[in-house]
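2 protein chains.
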Amino acid sequence: MKQQLKQHIEKTIALSDREFDFVFSHFDQKSFLKHQFIIQEGNYAHNDYFLINGLVKSSHIGEEGKEHILQFGTENSWVSDPQAYHTHAKATLNIQCLEDTQTYLISFQEKEKLCADLTKMEKFFSKKTSLEQITLQRRILCLISNNAQNRYEDFLRQYPNLIQRIPKTMIASYLGVSRETLSRLSHA
Amino acid sequence: MKQQLKQHIEKTIALSDREFDFVFSHFDQKSFLKHQFIIQEGNYAHNDYFLINGLVKSSHIGEEGKEHILQFGTENSWVSDPQAYHTHAKATLNIQCLEDTQTYLISFQEKEKLCADLTKMEKFFSKKTSLEQITLQRRILCLISNNAQNRYEDFLRQYPNLIQRIPKTMIASYLGVSRETLSRLSHA
DNA sequence: TTGATTAAAGGACAAATGTCACAAATAAAA
DNA sequence: TTTTATTTGTGACATTTGTCCTTTAATCAA
Numbered sequence: 001m002k003q004q005l006k007q008h009i010e011k012t013i014a015l016s017d018r019e020f021d022f023v024f025s026h027f028d029q030k031s032f033l034k035h036q037f038i039i040q041e042g043n044y045a046h047n048d049y050f051l052i053n054g055l056v057k058s059s060h061i062g063e064e065g066k067e068h069i070l071q072f073g074t075e076n077s078w079v080s081d082p083q084a085y086h087t088h089a090k091a092t093l094n095i096q097c098l099e100d101t102q103t104y105l106i107s108f109q110e111k112e113k114l115c116a117d118l119t120k121m122e123k124f125f126s127k128k129t130s131l132e133q134i135t136l137q138r139r140i141l142c143l144i145s146n147n148a149q150n151r152y153e154d155f156l157r158q159y160p161n162l163i164q165r166i167p168k169t170m171i172a173s174y175l176g177v178s179r180e181t182l183s184r185l186s187h188a
Numbered sequence: 001m002k003q004q005l006k007q008h009i010e011k012t013i014a015l016s017d018r019e020f021d022f023v024f025s026h027f028d029q030k031s032f033l034k035h036q037f038i039i040q041e042g043n044y045a046h047n048d049y050f051l052i053n054g055l056v057k058s059s060h061i062g063e064e065g066k067e068h069i070l071q072f073g074t075e076n077s078w079v080s081d082p083q084a085y086h087t088h089a090k091a092t093l094n095i096q097c098l099e100d101t102q103t104y105l106i107s108f109q110e111k112e113k114l115c116a117d118l119t120k121m122e123k124f125f126s127k128k129t130s131l132e133q134i135t136l137q138r139r140i141l142c143l144i145s146n147n148a149q150n151r152y153e154d155f156l157r158q159y160p161n162l163i164q165r166i167p168k169t170m171i172a173s174y175l176g177v178s179r180e181t182l183s184r185l186s187h188a
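Going line by line, the protein sequences match chains A and B. Taking this note's numbering, I'd label the letters of the first sequence as residues 1 to 188. Taking this note's numbering, I'd label the letters of the second sequence as residues 1 to 188.
Careful: at least some of the hints might be erroneous.
The list treats identical chains as interchangeable, and a pair is accepted whether it falls inside one copy or across any two copies.
To be verified - Under the rule of at most 30 Å between Cα atoms (straight-line distance), these lysine-lysine pairs were calculated in the DSSO-like manner:
(1) Lys6 to Lys34
(2) Lys34 to Lys2
(3) Lys120 to Lys34
The set of hints was computed from the structure by calculation and includes no laboratory data.
Working from the sequences, and respecting the hints, build out all of it.
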C-alpha cells in the first residue's frame, strides 16, 4: 500500500527508496467508514488526503440547504478543501465517504517541512496543482458551453467506471441540474 | 514597471534586489494592441504572461463556433493556456486583447531554470497556482448552484471595476448565458 | 425475512432560458 | 463630420429545466 503512494508520486518525479521513506515519514494513515466525514464545514482542515481506495464526495451546502458536489474522489486521487488548507481558514466544504475509504494524509505544516528538505517534492505538489487546475478549467468550459444532456455525456466519458458506484441524485448535483432533469435525459 | 512585478511577487515571498534582478532576467517584455492575439488556438503556447496593464479575455471556441470565455485578465494578473503550457501541447484557448496590453512573459523552459536556481520561486509559482485553483473552484460552485441572475450579481461583486470595460455580450459568454438573458436581468 | 429508508422514473405544470427578429443607441473608423 | 460597425434592449415564441407529486424499485438494517 505504501508502494501505491510511491508509484503515484513517481509518475511525476523520480525518487530513491531512501527518499521515498523520508517522504512517507511525513504522512499519517487514516481510515474512514461509509458516511463518515473526512472534512466538515466549519472545522479546520489542515490536511491533504491521498485516497488509497474507496470513494468520497466533496461538496458545499448552499444557502437554501442544497448540496452542490464539486468533486468525486477515488483511488489515487487527492482531496482537501484547498481554501482551508492554504489559507488556514475554516472549511467551507464537506468531504464525506460514499464507501469505506483508506487514506494517507499530510498536514500543511509537514508538507512545508518536506518541501523545504526535499525540493523535488515542491515540484511534485506544484505539478499536481497544475493538473488539478487544468481539470477545473475543463469543467468550467463544460458548464458554460453545454446543456444538461451534453454535460452528462461528458461525465460518462470521463468517469465511465464511477456511474455504477454513485447515485444519480449526486451525479445530478455534480452536473448542476435537478435529479428529475437528469432522469429524463436520453441514456444513450 | 519592473517594480510592479517585484511588488507582485513579494506579496508571496521575500526577495532581495539582487534576487529580483536575477528573477527578472528570465522574463521578456512584450506589448500587444487591442484585438491582437497573445495566444491563438492551434499554436504552441510556451509562455506565461504577467499583465502590467490592459485587458484580455481567455476563451475557447465551441463546436458550433460559439465563443466561451474562461477568464478576463487585467493588471497584475497572469494569463496562459495552462494545458498547452504544462503539457507542451498546442493551445486550445485564445487569449485576445480587449485593450492595448503590456506584459512580462516567461517561457516554460526559463521558468524551470529559474525554479531550479532559486527554490523560492518554485514556491511562488506553486502558491500562485493554488490561489488560481481556489478561484476556479469558487467559479464552478457558482455555476452549479446559482441561476443567471445570481451569477451576474456575483460577477458584479467580484469585478465591480470591469463592468464598464467589458461589453455585455462577453460578460454573458463568461456567465454561460445568452446575451438576451443577461440583458433582461434586473440591474439592481 | 420484514419493515424502513433511500433511489429512481415519470406526469403535470410553472419558471427560466434560448433563439430569432428588429430597432435604437453607442462607439469606432474613414 | 459622415459612415460603418458594434453594442444593447426588447418582443414573440420555442425549448429547456425546475418543482411538486405519486408510484415503483432497490437497498439496508434489525
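So, going through the hints one by one against the coordinates:
1. Lys6 to Lys34: within (26 Å within a copy, 49 Å between copies)
2. Lys34 to Lys2: within (22 Å within a copy, 54 Å between copies)
3. Lys120 to Lys34: Classified as neither: same-chain Cα gap 35 Å, cross-chain 41 Å, threshold 30 Å.
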